[in-house]
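My request is simple: use the sequences and hints to build the entire structure.
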Amino acid sequence: MDSDSEEYLAEAGRKAKQKFLREEIIELNYDPKLFTHFCESKKGADIDLYTTEELEECVKEFKIRFRSNDTYEQYQEKVRKDKELEKRLYEIPIRKVNKAVEEYKKQEESKNYIETRTVSLASLESQGEIFSVQAEMATPTDLLNCKNLKLTVSEPKVVQGGLFGSNYVIYNIVTSPLGWDVRRRYKQFKWLREVLSHEFPGYYIPPLPDKKAHGNTEDMTILKRQRFLQRYMNSLISNPIFRSSPSFELFLKENSDKEFKSSKDCNKKTKRAALNQFISLTGDLYCDSRDHATKFNAISQYLNNGETIKKKLKRQSEEIMEDLLKLSKTIASYAETIRQAADLQDLPDFNDGHKELYKSLNDALLDWSDWEIENSNFISDYFNMFFKFGYMELGALKELIKERENHYGNFKRAEGKESEKRRKAKEWYGFYNYQCLTETERVILACRNGTCEHFSDMANYQIKSAIKFRGIWENLNTKVVEISDRFSFFR
1 MDSDSEEYLA EAGRKAKQKF LREEIIELNY DPKLFTHFCE SKKGADIDLY TTEELEECVK
61 EFKIRFRSND TYEQYQEKVR KDKELEKRLY EIPIRKVNKA VEEYKKQEES KNYIETRTVS
121 LASLESQGEI FSVQAEMATP TDLLNCKNLK LTVSEPKVVQ GGLFGSNYVI YNIVTSPLGW
181 DVRRRYKQFK WLREVLSHEF PGYYIPPLPD KKAHGNTEDM TILKRQRFLQ RYMNSLISNP
241 IFRSSPSFEL FLKENSDKEF KSSKDCNKKT KRAALNQFIS LTGDLYCDSR DHATKFNAIS
301 QYLNNGETIK KKLKRQSEEI MEDLLKLSKT IASYAETIRQ AADLQDLPDF NDGHKELYKS
361 LNDALLDWSD WEIENSNFIS DYFNMFFKFG YMELGALKEL IKERENHYGN FKRAEGKESE
421 KRRKAKEWYG FYNYQCLTET ERVILACRNG TCEHFSDMAN YQIKSAIKFR GIWENLNTKV
481 VEISDRFSFF R
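Using the UniProt record's numbering, read the sequence shown as starting at 1 and increasing by one per residue.
Some clues are possibly wrong.
[What the hints assert, rightly or not] Distance windows between CB atoms, simulated:
id	residue 1	residue 2	range
1	SER68	ASP142	55 to 61 Å
2	ASP142	LYS258	17 to 23 Å
3	LYS42	SER68	29 to 35 Å
4	SER197	GLU53	52 to 58 Å
5	ASP219	GLU73	18 to 24 Å
6	GLU73	ASP485	31 to 37 Å
7	THR221	THR141	30 to 36 Å
8	SER41	LYS19	19 to 25 Å
9	ASN148	THR221	29 to 35 Å
[As the list claims (entries may be wrong)] Below, simulated DMTMM-like cross-link-like pairs (lysine to aspartate or glutamate); rule was C-alpha separation at most 20 Å, straight line:
id	residue 1	residue 2
10	LYS42	GLU61
11	LYS468	ASP370
12	LYS60	ASP48
13	LYS224	GLU318
14	LYS17	GLU27
15	LYS15	ASP46
Hints are computed from structural coordinates only; laboratory data are not their basis.
Predicted, not measured: the structure shown is a model, and the values here were computed from it.
Cβ atoms here follow ideal geometry from the backbone N, Cα and C, with glycine treated the same way.
Following this line, the structure appears as structure tokens:
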């Protein structure tokens, strides 16, 4: 076939597709601009990119998603409002700390508490059960001295990586009431975690999003990671010892990328080799050389089983999300059939009002379809991400217990050795033994308190969602009554 014939056939095919679009879009009162935008989200707005079959399928999907007389401007306004709502849903405020946790924080920052705790430990020290080791006193920082501290991770932004680099995301971090405002990349959050783990051995450090999400710049992934990072930062500031870290303060305060990189590079992640190099709010480390095998067996069982159950809950929540999205699509398809039934009512010239009834039901079904999408997002927000952080949180605690077990082994092996080696092994084991007990208790109770508030937020969200769902059907009923009165159906 020569080139002229090919061009003729291509032009004929193009005209046939254009005729099809005029009949299915323009003549049926669909917005061409809105349809063009819809096509751009598929293969593009060039008609030559589509076969006739693909174009027919595209039009079918468009009509399921949009109604006649919907405009591009209305759609853009809806997108804007949805983004505002989504931002409010995912931009999590700092959790209100319950009375018990607030008391813990006040005690940690209080000289009276330090003195009281020292006195209460004195009796155990006198019995040789618990002893102290001198350590470095924590540095007073603005973070440590600040009251009503609040961190907000928000406004994620995708930055183009250029010709030779990958795109990446930066997150805005605002520290109130100190007025600090910085932007940080994921790898800088990771750097902070590594630095804190070296500065403060024996302390629980919350998990970060797993690596497989790193580098993904899809909108939903970014929002999920933002939520995860918010919980990470909330957990860090809940512990006063981390707020004494100059590295943490640098991370939150230095808004010059150049200065931050320079200071960060100077801060080498060097592990502390001796207990007297460790940092303490009181200047002392407490050590417990007793064998708490029964307690740790129970804690390990709790962590192992809890991790397994929370992983299962995360997987099951993903199944629910998929089912809800499938239900939404099925309802939208059903609404399209109702729309066809509405168009059919024009045929008899005596059938006034019948089309409006079907059209009202079509509107309600489309709203229902959107509501199920919101339900899927709700499951993602309140179940999927919650339990994902939960099992990673328990995993981080297990690492701390593993460290304690390693030092316990060293302690037992040193029993027959010279006194100095036994003393050092006893101190290291005693420190991790004491820290594991206090940290697991602190974290598990904080998790309990956070779960309580999370479930309360979840219930309040569903109350509002149920009201919204009820409103769909109340609105339909109002329309039906109005149509009935207007056409005197029951007179």
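Going through the hints against the structure:
1. Between SER68 and ASP142 the beta carbon distance is about 60 Å. The supplied range of 55 to 61 Å therefore holds.
2. The supplied range of 17 to 23 Å is met by ASP142 and LYS258, whose beta-carbon atoms lie about 22 Å from each other.
3. At roughly 20 Å, the beta-carbon separation of LYS42 and SER68 lies outside the given 29 to 35 Å, and the hint is violated.
4. A hinted range of 52 to 58 Å for the beta carbons of SER197 and GLU53 is consistent with their spacing of about 57 Å.
5. With their beta carbons about 22 Å apart, ASP219 and GLU73 fall inside the hinted range of 18 to 24 Å.
6. Take GLU73 and ASP485: their Cβ atoms lie about 32 Å apart, and the range 31 to 37 Å holds.
7. Take THR221 and THR141: their Cβ atoms lie about 34 Å apart, and the range 30 to 36 Å holds.
8. At about 24 Å, the beta-carbon gap between SER41 and LYS19 stays in the expected band of 19 to 25 Å.
9. Evaluation of the 29 to 35 Å hint for ASN148 and THR221 yields a pass: the beta carbon distance comes to about 32 Å.
10. Of the pairs offered as hints, the one joining LYS42 and GLU61 holds, with about 11 Å between alpha carbons and a cut-off of 20 Å not exceeded.
11. Taken as a hint, the LYS468 and ASP370 pair is honoured in the structure, with Cα atoms around 11 Å apart against an allowance of 20 Å.
12. With a C-alpha separation of about 18 Å, the suggested pair LYS60 and ASP48 falls inside the 20 Å cut-off, and the hint holds.
13. Under the criterion of a C-alpha separation no larger than 20 Å, the hint pairing LYS224 with GLU318 is consistent with the structure, at around 14 Å.
14. For the hint linking LYS17 to GLU27, the alpha-carbon distance of about 14 Å falls within 20 Å, and the restraint holds.
15. In summary, the hint linking LYS15 to ASP46 is supported, as the alpha carbons are separated by about 13 Å, within the 20 Å threshold.
In summary, the one numbered hint that this structure violates is 3.
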